[in-house]
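Q: Take the sequences, apply the hints, and build the full model.
Here is what each chain is made of, one letter per residue.
Protein chains: 2
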Amino acid sequence: MGGHIVTSFDDDLIELRARISEMGGLAETLLALALDSVEKRDSALADEVITKDKRIDALEFEVERLATQVIVKRQPLAQDLRLVISAMKLSTTLERIGDLAKNIAKRGKHLSTTSPMRVSGSVVRMGRQALAQLTAVLDAYAKTDVEAAISVWRRDVEIDDAYNAMFRELVTYMMEDPRTIGHGSQLLFIAKNLERIGDHATHVAEMIYYTAKGEPLGDDRPKGDPSDLEPRS
Amino acid sequence: MGGHIVTSFDDDLIELRARISEMGGLAETLLALALDSVEKRDSALADEVITKDKRIDALEFEVERLATQVIVKRQPLAQDLRLVISAMKLSTTLERIGDLAKNIAKRGKHLSTTSPMRVSGSVVRMGRQALAQLTAVLDAYAKTDVEAAISVWRRDVEIDDAYNAMFRELVTYMMEDPRTIGHGSQLLFIAKNLERIGDHATHVAEMIYYTAKGEPLGDDRPKGDPSDLEPRS
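Line order of the protein sequences matches chains X and C.
With the UniProt record's numbering as the guide, the letters of the first sequence map in order to residues 1 to 233.
With the UniProt record's numbering as the guide, the letters of the second sequence map in order to residues 1 to 233.
Since the hints were made in silico from the structure, they are not lab data.
This structure is a prediction, so every number in the text was calculated from the model and none was measured.
Positions of the beta carbon are idealized from the N, C-alpha and C atoms, including for glycine.
Heads up, a few of these hints could be off.
[Stated by the list, open to error] Not the full set, but computed from the structure, chain X residues with beta-carbon under 7 angstroms of chain C:
1) Thr68
2) Val72
3) Val171
[To be verified] When the alpha-carbon atoms are kept at most 27 angstroms apart in a straight line, the in silico DSS-like pairs for lysine-lysine are as follows:
4) C/Lys52 / C/Lys40
5) X/Lys54 / C/Lys213
6) X/Lys73 / C/Lys73
7) X/Lys52 / C/Lys213
A: Shown next as structure tokens:
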């Protein structure tokens with residue numbers, strides 16, 4: 001190690017990681033802004049999310065371009081190659097998270113003109129859980145911390161549980177009072193997008209594991225029971 | 001076109017596409033077997049899915065290896081590069097579909113020992129819808145048929161609707177008769193995995209579009225309303 005070529009590959013990786021880190025930071029910002037726009041019924045914040053999402057889209061192509069260049073120039077093998085390919089896959093995942101945040105913001109705009117509903121607070125809290133998972137997994141990526149990645153992967157069950165509990169709660173409200181249906185449907189969509197962001201965080205955790213270990217993370221991840229009416233066995 | 005290097009790149013692409021086609025065929029088989037195992041409460045079929053999923057995992061690495069080789073050897077640009085990168089991304093998506101099918105099969109095994117429930121039939125029907133979407137999008141990929149890809153992308157709303165209707169139906173059953181909770185929970189999980197397979201089919205449709213056009217497919221896809229208690233506006 002320490003030779004000229006190795007150093008240059010390291011430089012390439014630093015640049016790739018810098019782009020991923022920019023994308024990750026943006027994805028976090030978009031999600032945080034989207035949640036704020038839902039909480040405060042603030043249309044201007046929602047518009048900011050919609051505009052900023054374009055930057056993530058552009059960064060995805062930038063990462064693809066850089067990663068391809070590195071493969072051509074350095075012809076990396078084994079773990080080095082896994083690092084480059086995982087950067088490319090991660091960029092796709094972060095772009096999808098940005099899309100989901102944008103979708104949440106768009107739905108937040110519909111909420112701003114209708115009556116509030118007690119359950120909005122739970123949706124925003126679930127959103128902060130998803131944001132915490134995203135932050136933790138991006139941190140694990142930056143530090144190549146496999147243990148931290150595994151614990152994000154295991155914690156996803158909590159978001160699944162929150163989603164399933166909220167689904168039942170919202171459906172019950174809407175059945176009791178049909179005037180809440182319009183508002184409740186938007187909240188259900190938002191909750192569903194948040195649950196998906198949680199899923200993407202687990203995909204990132206799987207990539208971190210695979211890149212470091214060269215083998216896939218098992219598939220015995222605890223999963224949120226969509227009924228949750230029975231005690232976890 | 002028609003020169004020596006172009007022809008060789010085409011040969012590489014044919015090999016890449018052959019691997020993707022093998023993966024796609026396997027993903028379809030796994031899903032079909034998983035649905036059969038649920039329908040017939042057949043544990044042996046479920047075990048077959050679990051075993052065959054290993055082959056998809058191996059193919060994902062094979063596609064990554066091939067795609068990287070092609071990038072190094074041919075240094076493709078523009079649409080050629082998009083073709084190679086989309087093959088790599090598609091392999092990840094197909095691997096995830098295989099995982100979801102395996103998860104369905106595992107849950108199908110739990111069903112085999114418990115009492116039947118009327119709603120199982122709807123879950124299997126929803127599964128056949130998801131399978132039809134998967135088949136259609138793989139067909140669109142093989143033929144580079146952008147129009148067919150767009151129609152798969154638009155049709156995903158039907159699976160979302162089926163999932164949301166089933167969720168409410170199952171929750172209602174379980175509330176009325178707590179003895180159905182164990183069975184119903186497994187069915188909910190299966191329905192959720194099927195809905196996710198539908199989502200992955202739309203991701204493939206987006207890749208086909210992007211590879212052909214060089215720009216992303218818009219984000220105005222009709223989405224299934226998780227309430228569906230109100231008429232679609």
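Q: Now look at each hint and say whether the structure bears it out.
A: Consistency of the hints with the structure:
no.: 1; hint: Thr68; in the structure: holds, 6 angstroms
no.: 2; hint: Val72; in the structure: holds, 5 angstroms
no.: 3; hint: Val171; in the structure: holds, 6 angstroms
no.: 4; hint: C/Lys52 / C/Lys40; in the structure: holds, 19 angstroms
no.: 5; hint: X/Lys54 / C/Lys213; in the structure: holds, 18 angstroms
no.: 6; hint: X/Lys73 / C/Lys73; in the structure: holds, 11 angstroms
no.: 7; hint: X/Lys52 / C/Lys213; in the structure: holds, 23 angstroms
Checked against the numbered hints given earlier, the structure satisfies every one of them.
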